[in-house]
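Asks: Same order as they appear, the protein sequences are chains A and B.
In this note's numbering, each residue carries its 1-based index in the first sequence increased by 72.
In this note's numbering, each residue carries its 1-based index in the second sequence increased by 1.
For the record, the hints were derived by calculation from the structure and aren't laboratory data.
A hint or two may mislead.
[Stated by the list, open to error] List time: in silico DSS-like cross-link candidates among lysine-lysine, alpha-carbon distance up to 25 angstroms:
1) A/K182 - B/K26
2) B/K121 - B/K55
3) A/K182 - B/K40
Each chain, letter by letter, is given below.
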Amino acid sequence: MVKINTSFLFGMLIIFFVFPTASSAGPRGTPKEPIVFNNPQIEKDYLELAEELRCLVCQNQNLIDSNAELADDLRREVAKMLKQGKNKEQVTEFMVDRYGDFVLYNPPLKSSTWLLWGGPFVLMFFALFIMLRKINAANSEKNTASSELSEQEKEKLQAILKPSPNKKG
Amino acid sequence: MKKQFMTPLIIFGFLVVLLVVGLMKAKYVRDVPSPLIGKPVPEFSIPTVGDQQKNFSSEELKGQVSLVNIWASWCVSCRAEHRLLNALAQQGINIYGINYKDELVDARGWLSAYGNPYIKSAHDISGRTGIDWGVYGTPETFVIDNKGMIRYKHTGPIYQDDITEKVLPLIEQLKAEQLKAES
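Could you put together the complete structure from these sequences and hints?
Replies: Okay, here's the thing in structure tokens:
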């Protein structure tokens, strides 16, 4: 039996109506202006970086997809650094220094990530190994079955092949 | 014959174990390990919330063991942990604040309403200092040693358990290190 506590529900309703701002709370700051590029190469670098860098707030989105406040700040920071003449590696280093390898959607190969990079190959070789074994097993079974007959089978065969006089009409 | 049925079952069992372990770990997944641990605090010098004429600089964090707490008045879980920070400040723990992307009037209102555990708070309106600290979800709390090195980071609201199990023992250890270095 589930008994609904009406005063609890009523309380929740009051909270929702009295504090509507609780759900829309977010960082404050000066209004933002769009990011503008004069140089197509910088714009291209910017777009590539914003695709490769992960948003720390919505962790399954990259900077370019994310609507989070921090993602916007980081996009601006990336644009600013590129405009200052920094290259893509320097910008990536800046991000990794602050947020770790986690910001990279393309993580570097090192001791802590070997499983990530090598895992699929290990699994593939394991699957290949199992498959070859299965195929071999199936083949050898077929070979023994077709090439040699047991004594019982030979007798049965002889019996079938022997012409039986009584059935001749 | 029996073996043929067992193989998928074993694989299934293995997958279940894998997924259960993944689910149990899931709540920690948001915790991005900070590359700043073991590094000096990022340099900054920006006006304080209390007095815009005065700056709070990272230099001030050297020579003492302290907590740096990233907070904002718009941050709901900051309010949840605030009581604990007040209690820590009363115990004599040095707590500094970085007020992250907040309007001055809101930040001041918050401190007068809920108490001010901070020796001083930097007013990081642009969030640029926050980026240097690798902030991605307020509140965040850092433990700083007397050399101005970041020794621990806690992301999200801090709970009593975190304080008694992690923060306070670490502070004790760092204070002991400081005494040893000075003697």
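Asks: For each hint, tell me whether it holds in the structure or not.
Replies: For each hint, the structure was consulted:
no. : hint           : in the structure
1   : A/K182 - B/K26 : holds, 23 angstroms
2   : B/K121 - B/K55 : holds, 10 angstroms
3   : A/K182 - B/K40 : holds, 21 angstroms
When the structure is compared with the earlier hints, no violation turns up for any of them.
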